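Chain A is fixed; fit chain B onto it per the hints.
From first to last, the protein sequence lines stand for chains A and B. Note that the numbering used here has the first sequence beginning at 1, numbered continuously upward. Note that the numbering used here has the second sequence beginning at 1, numbered continuously upward.
Careful: at least some of the hints might be erroneous.
[What the hints assert, rightly or not] Calculated pairs, EDC-like style, for lysine to aspartate or glutamate (alpha carbon to alpha carbon, straight line, at most 16 angstroms):
no., chain 1, residue 1, chain 2, residue 2
1, A, K243, B, D340
2, A, K243, A, E308
3, A, K54, B, E353
4, A, K107, A, E323
5, A, K267, A, E62
6, A, K194, A, E323
7, A, K169, A, E156
8, A, K169, A, E205
9, A, K66, B, E387
Source of the hints: derived by calculation from the structure; they are not laboratory data. Fair warning: this is a prediction, and the values are worked out from it, not measured in the lab.
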Amino acid sequence: MFTRRLVPVAVLTIVCLAGNASAFADIAAIEAAARREGALTWYVASIDAANAEKAGRAFLDEYGVKVSVVRAASQIMFQRLDQDLSQGAANADVFSSVDIGNFVTLKANGALVAYTPENAKELLPEFQNLDPDGFFHATVASVIAIAYNTQKLKPEEAPQQWTDLLDSKWQEKIAVGHPAYSGFLGNWAAQMLKLYGRTYFERLEKLQPQVGRSGFDSVNLVSSGERWLTPTPVAPILENRAKGIPVAVQYPTDGGILVATPSAILKNAPHPNAARLFMEFLLGPEFNKVLAQAYYETMRADVKPLPEAKSVSEIKVLRPSIEDATKGIPEVAEIWRDVFGQ
Amino acid sequence: MSVRARLRNLEPSFVVVVGLGAILVFLVLYPLFWLLVGSLYNPASGGFGLANFAAAYGRERYIIALRNSLVLGTAVTALCSVVAVPMAWAVSRTNMPGKTLVRMLTLGAFATPPYLGALAWILLAGPNAGWLNAAYRAITGSATGIFNIFSFPGLVFIIAIYSYPYLFVFTSTALDSVSSEMEDAANILGAGRWRTISRVTLPLVVPAIAGGAIITFLESIALFGSPAMIAIPARYNVVTTQLLEFFSYPVRVQVAEAYALPLLAVTVALYLLQQRLIGRRGYVTLTGKSGERRPIELGRLRWPAFAGCMFVAGLSVVLPLAVIVQAAFARTWTRGFGLDNLTWGNFHYVLLEQPATARSMINTFTFAAAAAVLALGLALAIAYLVERKLIRFAGILSFLCLAPFVVPGIVLAIGFYAAYAARPFFLYGTAAIMILAFTTRFLPIAYANAGAAIRSINPEMEEAVRILGGSRWLAVRRVLAPLLKGSLASAWLLVFIPATRELSTAIFLYGPNTQVMSVMLLNLTDEGRLEAAAAFGLLLLAAIILIALTGFGLLGRDFMVRRSE
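This is chain A alone, in the form it adopts within the complex (with noise of 0.2 angstroms):
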């Protein structure tokens, strides 16, 4: 019944329309089925709720097509889309985390549905072919550095490089997320291995850091001054100084850690139109609006970051690499897991 529906649209698109503009009809189609099915579920990790519910009023603005934001740390929100996945329960519709081994392992299983928005055209060059099979996009990016309470350290006292963490004098003056719960950190850590080794973690351990579940929880723990240093992406901190907390970014010599973010439409959507729909629109402006209001980096030329945060081109930045975390963040986490008892 679908296909018959399309069959005039694309008849008329291949008779009276050339080149590009058969795309445009295509997105046309697709955003009159959205509007009928109405609604969609989001599963999200790589944003907090507050942003995430943003998103979903923008898009409701736009379409009105209701978005139902199911926010959960990353590996938890895996952890219940496995779940979903082998009861056959079809409950969301789009899936955006930040560990991209996870979206490795869907792909491989045939949980998700290949679709490259109009939009990924528009990706800045670094963003584009996350994927090259088109299965997932990336859509929210961040660099993960140093957050310091400013009210204990001066920006001259904060350590320049992510060794300069292993100094004695920050002995229990560090937070971290744990690399299992939280992508980021997850990220982070896989890329710490690589650089430094096992005994990153063990000299990092003997310092006695304040293991907390994520990022976004460790750099509370550096605003409220319970702990002064904190590896944690760039976006939360800077969210934090605007709010008036006393906390800054130090932007590591040895190199930020660039983490783009994927999100990809589920095989078994029960709402597969909006969720595509949903996916132009996170490869869109709006949603790159969103994200720059919450410092994250944007995707797009056309939306410009805030000035706080700074460009990836006035950085050093490492780019993990899908292998880094498909294999990376699994062994780190087993690394850490011994190291530190949990």
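Here is chain B on its own, set in the frame of chain A:
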């Protein structure tokens, strides 16, 4: 005998027993059966064996977590006993002032979700920024604070101050039904006050204390929220945080099942111990005959006793509430009190900006109320059959009612998940699976309360009905029900309140439309939104207190403050 004659001769109670048995099998046995089967099942080979047990106990840190949980449970239970039993005695049996206040604050401690308490104590006793440490540094001029909530003692403390109400309620309920006549008898025979307490009063309530202690122990090792917030930073791995590790991707449900099963042995042992403690001694104390309860004169100890009770209540309720309120109305909690730091924004955020959090409030109270009704109805029916020895093998039903306490909420959730999420039930992500899981989870509390309530009523009163020609049902309806009304209402609340704050069962069973407040609150703290979490927690607390006060208003002195006049 024809079939019809057989049916006519069929005892109605037999039908009832079979029905109740079937419900228990559905709620308790079938999920546990799936746990057992799963623990032996090897998904890779499709065969059965002990490989999961080898994996579950094959690492030192898994064994350490198991040991840590047992140490934690023991320490919490010991601390709770030391605190709650004297408090219960002072409130139930003495002329200590402010008894109603102490009962209310204890109810407040019971109503406080442990993870909200943990959040409050992070604000209070975080080693550097916590309010208490800041105050200590300001007063003494010391460079470092003295409290560290992120430690083993911190974890024991934070669990104990929200677990002691179990022992308190169990002990005081039992003490309330001990008539002064027995103590008078001891006095007349020459026993002094302390001898009377230790040889007459306390032994009478030992079963209640043991019951409360066992529940405290099992509850504390099954907790998920506080360990997630305190034990992970303290790097003190316990069973629930370890189970979380098994449940993270790649999920090792079967290993987790194997890891959790030996805890069953611990609980069975404790249950048998409790049975032995009660023994064959009769504890019928509410006889339907006149029994006077006179408060014991504390003399000069009146006010110190009150101060002691208030100290405990202050740590569990007053201080945490103060910092939660401060944070709930603060732009940022660290900036302290001040007009420029005041805002309604956190409430606006959780009620209006986040549809999911607002919806979770409705879910929470609907699920908890439904679960409390189901659990209590079931528990009451079974407790009556068991206590009145109306059927053979009643012990099995009794055991099934108590069995869920064995299973940490997380594991119960997985059992439910395995049993009911998929075909033929298809309950995955539905409200039904949440309500049924909550019912099972709190069946032991409902059963313990229903059992205690029925035990305390002398069967002679119902027997009188039977002798006078009334049916068993008439005896239940016209004698038992009116007598039980008050204790049943408080029992309902004792199930309802923990169900509203239940986290560990919910975390693996909720679906996109069945999220509950505990899950949302943990998500908010996960994100570091402590102010919004505090505001949300405050809403949860306010609702629970409102409901408890309504119960208090409706039932008057029968609810929680019973017989403290």
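- [ ] Would you check the hint for K107 of chain A and E323 of chain A, treating anything up to 16 angstroms between C-alpha atoms as holding?
- [x] holds, 15 angstroms
Open item on the list: Holds or violated: K169 of chain A and E205 of chain A, Cα atoms, limit 16 angstroms.
Closed with: holds, 14 angstroms
Task: 16 angstroms Cα cutoff - pair K194 of chain A, E323 of chain A - done: Given that 16 angstroms is the threshold and the Cα spacing comes to 12 angstroms, the pair holds.
Task: 16 angstroms limit on alpha-carbon distance, applied to hinted pair K243 of chain A and E308 of chain A - done: holds, 13 angstroms
- [ ] Compare the distance between the alpha carbons of K243 of chain A and D340 of chain B with 16 angstroms, and conclude whether the hinted pair is satisfied.
- [x] holds, 13 angstroms
- [ ] Given the hint that K169 of chain A pairs with E156 of chain A, test it: the Cα-Cα distance must not exceed 16 angstroms.
- [x] holds, 15 angstroms
Open item on the list: Can you confirm whether the C-alpha distance between K66 of chain A and E387 of chain B stays at or below 16 angstroms?
Closed with: At roughly 54 angstroms apart (the allowed maximum being 16 angstroms), E387 of chain B and K66 of chain A break the hint.
Open item on the list: Does E62 of chain A sit within 16 angstroms of K267 of chain A, going by the straight-line distance between their CA atoms?
Closed with: violated, 25 angstroms
Task: Straight-line alpha-carbon gap K54 of chain A to E353 of chain B, limit 16 angstroms - done: With Cα atoms ~8 angstroms apart, K54 of chain A and E353 of chain B stay inside 16 angstroms; holds.
Against the hints set out earlier in the document, violations occur for numbers 5 and 9.
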